[in-house]
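Asks: So the protein lines, in turn, are chains A and B.
The first sequence begins at 502 in the working numbering and counts up one residue at a time.
The second sequence begins at 11 in the working numbering and counts up one residue at a time.
You may find that some hints are simply not true.
Claimed, not checked - Derived SDA-like pairs: lysine to any residue, alpha-carbon spacing no greater than 25 Å straight-line:
no.: 1; chain 1: A; residue 1: Lys860; chain 2: A; residue 2: Val825
no.: 2; chain 1: B; residue 1: Lys233; chain 2: A; residue 2: Lys925
no.: 3; chain 1: A; residue 1: Lys799; chain 2: A; residue 2: Ile881
no.: 4; chain 1: B; residue 1: Lys299; chain 2: B; residue 2: Gly376
no.: 5; chain 1: A; residue 1: Lys635; chain 2: B; residue 2: Asp419
no.: 6; chain 1: B; residue 1: Lys285; chain 2: B; residue 2: Lys331
no.: 7; chain 1: B; residue 1: Lys233; chain 2: A; residue 2: Arg770
no.: 8; chain 1: A; residue 1: Lys580; chain 2: B; residue 2: Ala286
no.: 9; chain 1: A; residue 1: Lys750; chain 2: B; residue 2: Ala352
no.: 10; chain 1: A; residue 1: Lys635; chain 2: B; residue 2: Leu418
no.: 11; chain 1: A; residue 1: Lys780; chain 2: B; residue 2: Asp227
no.: 12; chain 1: A; residue 1: Lys876; chain 2: A; residue 2: Ile783
no.: 13; chain 1: B; residue 1: Lys233; chain 2: A; residue 2: Gly711
no.: 14; chain 1: B; residue 1: Lys181; chain 2: A; residue 2: Ile783
no.: 15; chain 1: B; residue 1: Lys289; chain 2: B; residue 2: Lys181
no.: 16; chain 1: B; residue 1: Lys233; chain 2: A; residue 2: His773
no.: 17; chain 1: A; residue 1: Lys750; chain 2: B; residue 2: Leu405
no.: 18; chain 1: A; residue 1: Lys750; chain 2: B; residue 2: Ala286
no.: 19; chain 1: A; residue 1: Lys548; chain 2: A; residue 2: Val627
no.: 20; chain 1: B; residue 1: Lys181; chain 2: A; residue 2: Gln899
no.: 21; chain 1: A; residue 1: Lys580; chain 2: B; residue 2: Asp419
no.: 22; chain 1: A; residue 1: Lys860; chain 2: A; residue 2: Arg885
no.: 23; chain 1: A; residue 1: Lys750; chain 2: B; residue 2: Pro400
no.: 24; chain 1: A; residue 1: Lys822; chain 2: A; residue 2: Glu796
no.: 25; chain 1: B; residue 1: Lys183; chain 2: A; residue 2: Thr766
no.: 26; chain 1: A; residue 1: Lys731; chain 2: B; residue 2: Ala286
no.: 27; chain 1: A; residue 1: Lys925; chain 2: B; residue 2: Phe431
no.: 28; chain 1: B; residue 1: Lys141; chain 2: A; residue 2: His840
no.: 29; chain 1: B; residue 1: Lys141; chain 2: B; residue 2: Gln58
no.: 30; chain 1: B; residue 1: Lys183; chain 2: A; residue 2: Arg602
The hints are simulated quantities; they were obtained by calculation from the structure and are not laboratory data.
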Amino acid sequence: MESILLKLKFSRWVAALHLIVFILVSNAIAQEKPFRPEAGKFPPLEKAHSYRGELIFVDHANRRGSIRVQGAGMYFRNKSHPFAMLPYGIIRYHGAPAELRDIPIGTVLHARAFLPPDPKLSSVPVLPVNNRNKTAGYSGKGIAPAENHVILLEDEPSFCQREGKVWKLKQVEIQNNAGKILARCESKTGEVKTEEETMTFDAATRIWRGRERLGVEDLVTEGIWPANGKKTLNDQAVLLGITWRPTPKGVFTRFHVSDVWLDDTAMQRAAHNQTETHKAFIRSRWMPGWIDAVEYGKFGHATVTATLFGGMDDSLYADFKKGVSAMMNAVENTLKHTHGAYGPSHMASRGSILEVVKKDAAAPLGSSGIQFRFKTDLIIEGIRPGRVVRVCPGSWPQVQIPREEYLGGNNPEERFPTPAIFPKY
Amino acid sequence: MVKPIRIHWIILLPLILVLLASNSRSKEKPFRPKVGEFPPLEKAHSYQGELTFVDHANRRGSIRIDGNGRFRFVAPSPFALLPYGLVRYQGAPADLRDIPLGTVMHVKAFLPPDPKISAVPVLPVDNREKKYGYSGTGVAPAENHVYLLEDEPSHCKRLGLVWRLQEVELKEKAGTIIARREAQADKGKVLSETFSVDATTRFWRGRERLGITDLTDEKTWPKNGKKDLNDQTVFLGISWKPTPGGVFKRFHISDVWLDELAMERAAQIQNETHKAFVKSRWMPGWVDKVEYGKFGRAKVTVTLFGGMDDSLYADFKKGQKAMLASSENTLKHWAGGTAGTAQMASRGILLEISKTNKRAPLGSSGIQVSLETDLVTEGFRPGKVIRIRPESWPLLEVPREEYIHHTLDGIEKRFPTPDIFPKK
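In isolation and in its complexed conformation, chain B is listed as follows (with noise of 0.2 Å):
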């Protein structure tokens, strides 16, 4: 009786020590991204929150994330984007400026790969266990470095999801919609959900931009009551509003896409307003390496930071001119004198640009260029951020909070403090 019991421990307890080891070691080392390599999207922490603030000129902002509470309780909660963070708006490449307060995003974030020179506040490593009352858990993770920001329809282009109309209640222009989130080719994963709807919701469809009433004239949707919206696909984006009635969290319908044309225009004219950004402001990447050779010569080859239009990094050509200017995290220019940031830009020729053949990570364009320049610099070492032009976009002055002034500014603008963000 005794000797079954005694083989069943001989079996467990290493399995114990395993479990308990790889749980220490676990806890012990966090995973945080490093300097020079882009870190696997799977090992991301995921959340989702209504874009409450926005530091846009140092990459960083305050979302109330949606935890397992009362949303309207929840404090903003601040994070800054990674150097080679995306953000996507409409279906299209973003900057934090581009995106209204009050819109719902996705997120996919790290802890802070250097928890000194956090522009946002550094929390306990397990923080996003911590409940904070009625708000719940889940609303301040440690994890707000951000990779990945995208609202409704960018999240759901992203991942072949549509939203599937099933019915509408209105009265007096205002009312809920019931709806339900699925795979577009088949019906997996699904999500249903009940949001509020009122006039000021904008409906795209083709080339117009309609409100309640123009469906209510059409006889699309009734003025009053019920109708059944047998499943009609379309893409939503999605705000919040605080909800009468003691609901305590219901998201509102901001914009619907009732057609593809519509969605494919809104892509359009905020893939145009990112393009014109990245062409005034340098298209943003990393030193990977630097071949010096004499008076201040180098050959230095970059990879450029991924989820721009590709028609940006077809300007990148061999045998091209360009100038290549050291970064921030914040990716900050750096300026001097009066004549404006390319006058602390390093000039040369671009040598080779690589595509890799093999799938990009988030993050990377898969892009590798290099330049050969007579003034290589302290801002060019393997791993720091760069901004890089090709000779044929415009040259610009950026704009006084969008650099760093070598002799009038601190350090405070090269690495900004948390103190910004009200204390919780």
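Chain A on its own, in the form it takes in the complex (with noise of 0.2 Å):
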């Protein structure tokens, strides 16, 4: 009988050992090899670390930035945080497709990032791989995370419908057009709740009706709104601009309501001009993806096979048809076109469509799904399996774009930004 416990605790230290070891194991190998994104691959978004915060600095150009990220502790304290977009990354701007330069400064943006694919190519400062733990002082914890490489940036309205949520309206506090909301977002089939959050708004808080563009001061002489006192406003559901602006009385995180959408046909309406800005845009800029394959043929003839990037109107994807001309230029991983003096037409591939192949499966974030095959006589460098490149249709303007917005010049400093541009605090 004492021989078989003997075993059998034996046999437990053995079971439990071999736990510990393979959770050790795979510990240290979680610790030595963190993910990042690889050339040529879509990254899993359920692999992006979120996080949310204002945006407080913009270089369009080369499609970065800086985001005041909410951690745990006082919000006015954090440094701003550096990002930048990936190649594939996708932004978001009152429901519709956007650029950084699109975006408020001020605005609060959700961001969905990786750590940087190529550290030594990063434009912004790289981060020991765990700082999304470290604490900074009063800011709290998680205000500078590694993942700094965003696959999805997107303002709170465009969040809330990418997630099915709305914000229900609790209770409405005011004095002289100014005060407080109370609010909880919430899916539209009520089933997930968050906490209530109280925001201020002011006189400057856009209230959107239709097509009309109130303030509060309208809400307050239509009765909508009381001129002061407070007001339960019935869990009336609608959607939410938010910023941040520093709030008195001793508190440290208190969002401010910009801008309420009142009803779906002033949301509606503002995703349509947003829309057709991101559409003028790309079809200037030239939609961007990246090369799956080259089949070489003979003095510099070439069939390539490239994804396009996802994010963008349907209407733009559409231009992309069997037969049609195009051109396809390699760009860098700002996006930026390698040569623009003459305009990127001047250095593009030229050719034609064979094919394009719409995959059933859903595509990964960042990408169309779409597929296409282009035959050129003029394969270059630029033109290799991983490389970022723009397209351009036969039916889109031909236009030139600014200075900014192409390499120049040979300094290997405009083809890969460093970030020396952001402050150190």
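Once you've looked at the hints, go ahead and assemble the two chains, each given alone in its own frame, into the complex.
Replies: Structure follows, in structure tokens:
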């Protein structure tokens, strides 16, 4: 009996030892090999680190900027946190595709981000891999994650629309056209609810109703909101634009409502305007994508297979049709054209689109799921598997882009911007 | 025959000498603003261009200046706002952070007051004459310290100008507009220009924000083809987009304010935005005079900078408590310890408030304020920039990039160098 017990104990010990060794080894492997996106592969969104914060600096020509990330501590103390958009990173504003230049400074954005794919080429500071766990004094933890290469950057209404959420207004408290709103973000069905949040608003808050842009004063005049005091808002469903402003009375983290969309028409009109802005932008700067394969022919001929990046308006992808002429230009991770003194078309490889294939399976974020084959007689160094390109179907207007959006010399700094632009605190 | 020629030479010689001397003097001593003096606006160099970069915390940025060449070739030209420099957007006071990238701005600027501490590249004094290839001349003036930065509607309102729409030509929700800018009262100065317009253009009518399709659905504009717009009076917001068809420079209409009410409502929102901003960051000004007392006491007289909403100046009342803090040319606060900017401020009572009867120069409010404090600091010296807060304004903590920490930050935070800007 005793020997059986001893054997059992021994076998338990052996099992436990194996488990401990396995955990330690797998933990060590995880610590040794943190996930980084690889060239030519769209990374899975679930491996991204999520955070939100206020946009405080933009270098739109290099697709980078800074965010004051909301951490565990006093928000106003948080230093600006540099970020760079991945070449296939998607920006959304007002529920529509956008560029960094479209987003006003101060807008609170939701970010999904990864470690730098290649730290040597990072255009923003490279931080220790576990930096998201570092506590920075009163700012608390999480304000400077090493995951600063962004795959998705979206403002509050874009975030809510993607996740099927709305803000339900509970109560307004007002004095002299300014005050506080108590609201809760929840799924449209009401199943998933978050904690109630108090936000400030003031006379500069824009309230959108159908075609109208109203101010707080208009709502007071119409008797919808009181001139002074509190009013219950009965869970009115709205979408909110959120910013941040310094808050009085020792409140260290309280966000500010910049916009309220009272109805679907108002939100759709805002999205339509932003979509048109972005469509015009992409038509003039060309559709980004990357090279999947190159089949080399003779005398510089080749057939190139490329995947278009995602997140654009469908009408832009629809312009890529079998048989149409097209131009392809090598670009950098910043999506800058490599030449442009005579316009991007001057150095572009010309040819025709042989085939356009839309994959049936859901495309990963960053990809459109649209692959096309392009035949050209000018295959160049920049058109290699994994390299980023921009493509222009023949139906798009030929324009010349501004100086800061193309490489104009042999300065490596222009091609690989360094993090030197960002202040150190 | 010889005599009259001699007389001519005698008359011409002093004139030539005077001209040469004054020319060489003007070359030797170009005008630069001086510490403690608001410069005369008429000595400023004027230009316009597209805002392409903003470093709002240091009150600087870049503009693609409209010279006499091909606009899209022009490399962005860095600028810094003078501490008393005014920004105006949609007819109201603004901060750089309020202005969307791409907005075409009108600029009045000077040479750097002190080139050694310029936050933007210092260029040769005559750089405005330099030709930059296809970009042309005038695209990188040395006058990059800005006194007045205003968007098109603000510029028009200040000068009493309006745009009159002459003709629209549309095809598939986009096209061109021919418009003429002229004085509201008379038709003195006239500028006629062709702009692009598209489905992103915002039309403001009373409370409404419309798009081109709203105008075509209402049959105000044709869906396709041309229409005479009968000199319709509007305000325009102007930006720039690359233009097809080999057109090297054509500006784009981002906004059209179709009536006064729409423009007033836009100005009101911007005004409220700026009021909240100044109340949280305090009113900027500079020190005119310090009368020292004993044991750190002093009476400090300051002039408040101009261009703010009148209601902000009205908050400075005799007998009221106030806080005075030294600042930098970037208008950044100082902070120490953990209690933020208020901790470093000197407290006192507003003894006198006076408003000059003369017309104040741009940059000045014309309002002088005297404050008695028991903590006079090194930052309160005549000509130094300060920020002042009347007691009625909320006490707030400014974000990290907007103050200089007295121990954690280096000299670079106090005097930002031009290194941030790409080399041309």
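Asks: Each of the hints needs a verdict: does it hold here or not?
Replies: For each hint, the structure was consulted:
A distance of roughly 20 Å separates the Cα atoms of lysine 860 of chain A and valine 825 of chain A; the hinted pair therefore holds under the 25 Å criterion. Proposed proximity of lysine 233 of chain B and lysine 925 of chain A is contradicted: the alpha carbons are some 53 Å apart, above 25 Å. About 13 Å separates the Cα atoms of lysine 799 of chain A and isoleucine 881 of chain A, which keeps this hinted pair within 25 Å; it holds. A C-alpha spacing of about 15 Å is found between lysine 299 of chain B and glycine 376 of chain B, which places the hinted pair at or below 25 Å, so the restraint holds.
A distance of roughly 21 Å separates the Cα atoms of lysine 635 of chain A and aspartate 419 of chain B; the hinted pair therefore holds under the 25 Å criterion. Taken as a hint, the lysine 285 of chain B and lysine 331 of chain B pair is honoured in the structure, with Cα atoms around 20 Å apart against an allowance of 25 Å. Annotation: proposed proximity of lysine 233 of chain B to arginine 770 of chain A holds, straight-line Cα distance about 19 Å (limit 25 Å). Pair hint lysine 580 of chain A plus alanine 286 of chain B holds up; C-alpha atoms about 22 Å apart against a cutoff of 25 Å.
Among the hinted pairs, lysine 750 of chain A with alanine 352 of chain B is consistent with the structure: their alpha-carbon atoms are about 13 Å apart, no more than 25 Å. At roughly 19 Å between alpha-carbon atoms, lysine 635 of chain A and leucine 418 of chain B fall within 25 Å of each other, so this suggested pair holds. Straight-line distance between C-alpha atoms of lysine 780 of chain A and aspartate 227 of chain B comes to about 22 Å, which keeps the hinted pair within the 25 Å bound. Annotation: proposed proximity of lysine 876 of chain A to isoleucine 783 of chain A holds, straight-line Cα distance about 22 Å (limit 25 Å).
With a CA separation close to 23 Å, the supplied pair lysine 233 of chain B and glycine 711 of chain A stays within the 25 Å bound. A C-alpha spacing of about 20 Å is found between lysine 181 of chain B and isoleucine 783 of chain A, which places the hinted pair at or below 25 Å, so the restraint holds. Using a Cα cut-off of 25 Å, the hinted pair lysine 289 of chain B and lysine 181 of chain B is violated, with the two alpha carbons roughly 47 Å apart. Proposed proximity of lysine 233 of chain B and histidine 773 of chain A is supported: the alpha carbons are some 18 Å apart, at most 25 Å.
Simply put, lysine 750 of chain A and leucine 405 of chain B have alpha-carbon atoms about 7 Å apart, close enough for the 25 Å limit, and the pair holds. For the hint pairing lysine 750 of chain A with alanine 286 of chain B, the CA-to-CA distance comes to about 16 Å; that is within 25 Å, so the pair holds. In summary, the hint linking lysine 548 of chain A to valine 627 of chain A is supported, as the alpha carbons are separated by about 19 Å, within the 25 Å threshold. For the given pair, lysine 181 of chain B sits about 17 Å from glutamine 899 of chain A by alpha-carbon distance, which is consistent with the 25 Å threshold.
Among the hinted pairs, lysine 580 of chain A with aspartate 419 of chain B is consistent with the structure: their alpha-carbon atoms are about 12 Å apart, no more than 25 Å. Simply put, lysine 860 of chain A and arginine 885 of chain A have alpha-carbon atoms about 22 Å apart, close enough for the 25 Å limit, and the pair holds. Between lysine 750 of chain A and proline 400 of chain B, the direct Cα distance comes to roughly 16 Å. Compliance with the 25 Å bound is thereby established for this hinted pair. Distance hint between lysine 822 of chain A and glutamate 796 of chain A is fulfilled; the C-alpha atoms sit about 20 Å from each other, no more than 25 Å.
Between lysine 183 of chain B and threonine 766 of chain A the CA atoms are separated by roughly 20 Å; this keeps the pair inside 25 Å, and the hint holds. Of the pairs offered as hints, the one joining lysine 731 of chain A and alanine 286 of chain B holds, with about 22 Å between alpha carbons and a cut-off of 25 Å not exceeded. A hinted pair counts as satisfied when its Cα atoms are at most 25 Å apart, and lysine 925 of chain A with phenylalanine 431 of chain B qualifies at roughly 16 Å. At roughly 22 Å between alpha-carbon atoms, lysine 141 of chain B and histidine 840 of chain A fall within 25 Å of each other, so this suggested pair holds.
Proximity of lysine 141 of chain B to glutamine 58 of chain B is assessed by CA-CA distance (about 17 Å); at most 25 Å being required, the pair is judged to hold. Restraint check: the Cα-Cα separation between lysine 183 of chain B and arginine 602 of chain A comes to about 23 Å, which is no more than 25 Å; the hinted pair holds.
Hint compliance for this structure: hints 2 and 15 are broken, all remaining hints hold.
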